[in-house]
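Let chain A serve as the given structure and place chain B on it in line with the hints.
Quick note, the sequences are listed as chains A and B, same order.
Be aware that the first sequence starts at 1, since it is given in our numbering, and climbs by one per residue.
Be aware that the second sequence starts at 1, since it is given in our numbering, and climbs by one per residue.
Any given hint could be a false lead.
[To be verified] Derived CB-CB ranges, DEER-like: (1) A:Ala73 with B:Gln343: 28 to 38 Å; (2) A:Asp102 with B:Pro473: 42 to 52 Å; (3) A:Glu93 with B:Ala690: 46 to 56 Å; (4) A:Pro149 with B:Glu342: 16 to 26 Å; (5) B:Glu342 with A:Gly127: 12 to 22 Å; (6) A:Phe136 with B:Ala668: 53 to 63 Å.
In short, the hints are calculated from the structure, not lab data.
These numbers come from a predicted model, not from an experiment.
Beta carbons are placed, not taken as given, at the ideal position from N, Cα and C, and that holds for glycine.
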Amino acid sequence: MKFSNLFSYSTLLFLTLSTALMLTGCGNPAGSDEEEHPRPVGIVLQMNGAEIVRYENQEVTGQIEVNTGEETALITLYFLDENGDQFQYDEPEYSLRPHGIDESIAEIEQHAEDGKWSFHVRGITPGTTSVVFELFHGDHGDFETPEIPVIVN
Amino acid sequence: MKQAIFILLLILSPLSLILATPGPDQDTGTLKGRVVDRETNKPLGFVYLHLKEINHTVAAHADGTFKFENVPAGTYTLSASRIGYQTVSQLVTVQGSDTTEVTISLKASVLISEAVEVVGQRSHLGAGLEDASKTISGAELRQNLGTTLAGTLSEIPGFSSRSMGSAPSRPVIRGLGGERVLILQDGRRTGDVSSQSADHAVTVDPVTAEKIEIARGPAALQYGSNAIGGVVNVVRNQISAVQPDHIHGTASLQGKSVNTGAVAAFEAAAPLGKNFALKFDANLRSARNMQTPVGTLTNSGLLSSNSALGVSYIRQWGYAGISAGTYFSRYGIPPDPEGGHEQGVDIEMRKYKLAGKTEVLFDGPFFKSLEADLSYKNYYHREIENSGEIGTEYGLLTTNLSAVVRHEGLFDEGKIGIWAEAKDYAVNGTQTPDSKAHSIAAFLIEEKDFGALHLEAGARFDFISISPEENDPNSSIGNIRPRNFAGLSTSASAIYDFGSGFHAGAIFMHSFRAPSQEELYSEGPHLASYSYEVGNPDLNPERGLGKEVFIRYKKPTVAAEIAVYHNSFPNYIYPRNTGRASIRFPSLNVYQFTGVEARFRGIEASTQLQFLDHWAFSGSLSYTEARRKVTPQEEQFGNDEWQPLPMIPPLKGTIGLTYAPGKLRLGAKARLAAEQNRTAEFETPTDGYAVFDLFAQYRFQSGGLLHTIALNATNIFNTTYRNHLSRIKEIIPEPGRSVSLLYRVYF
Numbered sequence: 001m002k003f004s005n006l007f008s009y010s011t012l013l014f015l016t017l018s019t020a021l022m023l024t025g026c027g028n029p030a031g032s033d034e035e036e037h038p039r040p041v042g043i044v045l046q047m048n049g050a051e052i053v054r055y056e057n058q059e060v061t062g063q064i065e066v067n068t069g070e071e072t073a074l075i076t077l078y079f080l081d082e083n084g085d086q087f088q089y090d091e092p093e094y095s096l097r098p099h100g101i102d103e104s105i106a107e108i109e110q111h112a113e114d115g116k117w118s119f120h121v122r123g124i125t126p127g128t129t130s131v132v133f134e135l136f137h138g139d140h141g142d143f144e145t146p147e148i149p150v151i152v153n
Numbered sequence: 001m002k003q004a005i006f007i008l009l010l011i012l013s014p015l016s017l018i019l020a021t022p023g024p025d026q027d028t029g030t031l032k033g034r035v036v037d038r039e040t041n042k043p044l045g046f047v048y049l050h051l052k053e054i055n056h057t058v059a060a061h062a063d064g065t066f067k068f069e070n071v072p073a074g075t076y077t078l079s080a081s082r083i084g085y086q087t088v089s090q091l092v093t094v095q096g097s098d099t100t101e102v103t104i105s106l107k108a109s110v111l112i113s114e115a116v117e118v119v120g121q122r123s124h125l126g127a128g129l130e131d132a133s134k135t136i137s138g139a140e141l142r143q144n145l146g147t148t149l150a151g152t153l154s155e156i157p158g159f160s161s162r163s164m165g166s167a168p169s170r171p172v173i174r175g176l177g178g179e180r181v182l183i184l185q186d187g188r189r190t191g192d193v194s195s196q197s198a199d200h201a202v203t204v205d206p207v208t209a210e211k212i213e214i215a216r217g218p219a220a221l222q223y224g225s226n227a228i229g230g231v232v233n234v235v236r237n238q239i240s241a242v243q244p245d246h247i248h249g250t251a252s253l254q255g256k257s258v259n260t261g262a263v264a265a266f267e268a269a270a271p272l273g274k275n276f277a278l279k280f281d282a283n284l285r286s287a288r289n290m291q292t293p294v295g296t297l298t299n300s301g302l303l304s305s306n307s308a309l310g311v312s313y314i315r316q317w318g319y320a321g322i323s324a325g326t327y328f329s330r331y332g333i334p335p336d337p338e339g340g341h342e343q344g345v346d347i348e349m350r351k352y353k354l355a356g357k358t359e360v361l362f363d364g365p366f367f368k369s370l371e372a373d374l375s376y377k378n379y380y381h382r383e384i385e386n387s388g389e390i391g392t393e394y395g396l397l398t399t400n401l402s403a404v405v406r407h408e409g410l411f412d413e414g415k416i417g418i419w420a421e422a423k424d425y426a427v428n429g430t431q432t433p434d435s436k437a438h439s440i441a442a443f444l445i446e447e448k449d450f451g452a453l454h455l456e457a458g459a460r461f462d463f464i465s466i467s468p469e470e471n472d473p474n475s476s477i478g479n480i481r482p483r484n485f486a487g488l489s490t491s492a493s494a495i496y497d498f499g500s501g502f503h504a505g506a507i508f509m510h511s512f513r514a515p516s517q518e519e520l521y522s523e524g525p526h527l528a529s530y531s532y533e534v535g536n537p538d539l540n541p542e543r544g545l546g547k548e549v550f551i552r553y554k555k556p557t558v559a560a561e562i563a564v565y566h567n568s569f570p571n572y573i574y575p576r577n578t579g580r581a582s583i584r585f586p587s588l589n590v591y592q593f594t595g596v597e598a599r600f601r602g603i604e605a606s607t608q609l610q611f612l613d614h615w616a617f618s619g620s621l622s623y624t625e626a627r628r629k630v631t632p633q634e635e636q637f638g639n640d641e642w643q644p645l646p647m648i649p650p651l652k653g654t655i656g657l658t659y660a661p662g663k664l665r666l667g668a669k670a671r672l673a674a675e676q677n678r679t680a681e682f683e684t685p686t687d688g689y690a691v692f693d694l695f696a697q698y699r700f701q702s703g704g705l706l707h708t709i710a711l712n713a714t715n716i717f718n719t720t721y722r723n724h725l726s727r728i729k730e731i732i733p734e735p736g737r738s739v740s741l742l743y744r745v746y747f
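For reference, chain A alone in the conformation it holds in the complex:
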């Protein structure tokens, strides 16, 4: 075995691998270049300018009430940051996903003209159920509330 052969084979091998490494190692498939946004730690729900539900410091106060066969006025959700200040997201990749409600008792209705942070609740039959509001960012959840009581009279 000549030294030159040894050098050339090994060099070829490692240069090939190193090149492949640098080419394929450019980007992490889970990497992201997201901008900084305020992060919610709570929410308030307002209806007709009055606060009806607050989730803050891991405690839910208030409830959503509606009569059977009727629809609430427009309810708007505001997020609370760590200082307790209210805010909403303007970016299109953020959305609100209510879930967990028993639709035989009540339904959540969202209309495009009301904006993505507002909704109505329609009473279907008398009873009690609950709803969880989840903040979606792109294709994953960024925040969710505990179960918020919904009472249909």
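Positioned in the frame of chain A, the structure of chain B alone reads:
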């Protein structure tokens, strides 16, 4: 800039070593021989012959002949192993420019353990054939072959399986898991995120493993400073170190009733011309939902494939080769009705890997070989909720380099090496910042025999630099900033050969583990593991002090071992369940990474005893107790000074009986566990259990093929039992009655 310098170092390190190497022709010889059955003197094919010192393996032809070429002159430990026979080890001396011939006779054995028969006279009485390592292969591997690596190893004394359904499981050794158990494939890190969470699967399928090696003590330092639990190396030899002189390999089919599971696997090595060798392996595995005695475990199916292709160029000076491989998997995480996710989560995983390896042999008086290895792994997985939306994504790009020089002369033999790693880690769907980690290490491992005393000692120095993409001094989890860590880890072992099969030994290990990127910077929901993970950017390195003493007795018809160990950690890092719901995801509890003073202690015992020619009794026992020191605040509330740590296995053991007349092997086994009520805060205790299994194995040779059939019936009484290390033990018990059939043909 730092990454560019690091990559440059990665490239230059092996080249500089090779360039500094003189390239004289090697003084090599040929070792050839024949393997026969000791009783009938008939030739035995399908025997795997291994030269320990240079880690070269060949398979014997059907007529029992074998040949190693280009073996540097010297004395080697040659071991021969075959299904149904006791492994034989003997010293052979290879003369330069000459052919050395040996005949090896193997004796049929009922025992399936690694009991090794030593033939011939060693030049000294040293216990060099005894070390702190263990190998699983042959009948033992086929009998215990599970869906996962952890399942395959779970009956070894001291081993348990951390699981979360069918697919995601990882070995836990003596209560130590995560990064304290290093999982390797062909000596390389797997480049996945299985160490960080119970729902993340290990990206190694055991079905194509030639053997599985478990190392502790000084030998483990070659692979990392943190493996105080041990190193588990799955050997697939994807880059062949020797030129096969014929096409050989295996093809396997396995079916399992408990999850309607099936796996097909194929692996082969073939010569390509005079100087090239080809290695190929592939498998496809599928399983539906698992059945338990109380019902079906919803969303526990899996579909995975694992394949690799390697080419080697083999010459008198050594070899160089490359391999490429893929791993694809999709599996379900069962639903948790009380938290996390009611419908379960699906995980889609993919990994691409590329590796290059070279070994250059020297015939100088001191340096014997240089082995350099460079690998790159591109890993990605995403966790998909029932609605189809992606919960969390993980990406990990890992580059590893190692260069090891094997030498003689200073002591009996030893290794000096460098090791480096670059990790690019990203998580999407949480607040965890993307981050990079660069590590570099140097190590020295030496062996020396003093008469009947075999000593090994090693030291390793690591430097690790971890950098988040952006600093955030005001983050809600603390001051997110770059961190640098440096530490020395050491290990020593001593084994004394008392003669007549008795050995006694002690192992000491002082480990060093820098906090991982996820332990430092994590923040966010992890639905699949039912947790909201919170890192701690201020964590200090974890250091461990492990001590172990053991006694072994090995004879052709009996093997027994007992070991006692104690591992202590001034700063044991683990995700502690705080019991508090997350503010941002109230359905998930906060798991805070924290460092605590901890101690692990326990005992293991195992035995195999052959009696009445064809009968063998086997038994094993494992016990681990692990506790952490409570905080001063907890002490104020009247808690005891030491509290149990979570996910620690109970006292458990096995009892088995085997009947092996010739080519048939029949057996029954009981798996026993005591209740585990030493539980950590918010952890559920588990009841004791006794579960019974039956197995039958048969082998026959026809033409140029060796056929093996393994039939296993597990949990035959459909007993309801729970694995204390299962993250879903409160939801569903372990699998119910199952029958599995494995057919494997060797060609």
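Right, here's what the structure says about each hint:
Hint check: A:Ala73 to B:Gln343, Cβ distance near 33 Å, so the stated range 28 to 38 Å holds. The given range of 42 to 52 Å is respected by A:Asp102 and B:Pro473, whose C-beta atoms sit roughly 45 Å from each other. Between A:Glu93 and B:Ala690 the beta carbon distance is about 55 Å. The supplied range of 46 to 56 Å therefore holds. The supplied range of 16 to 26 Å is met by A:Pro149 and B:Glu342, whose beta-carbon atoms lie about 19 Å from each other.
Against the hinted window of 12 to 22 Å, the Cβ-Cβ separation of B:Glu342 and A:Gly127 comes to about 21 Å, which satisfies the hint. Between A:Phe136 and B:Ala668 the Cβ separation comes to about 54 Å, which falls inside the hinted range of 53 to 63 Å.
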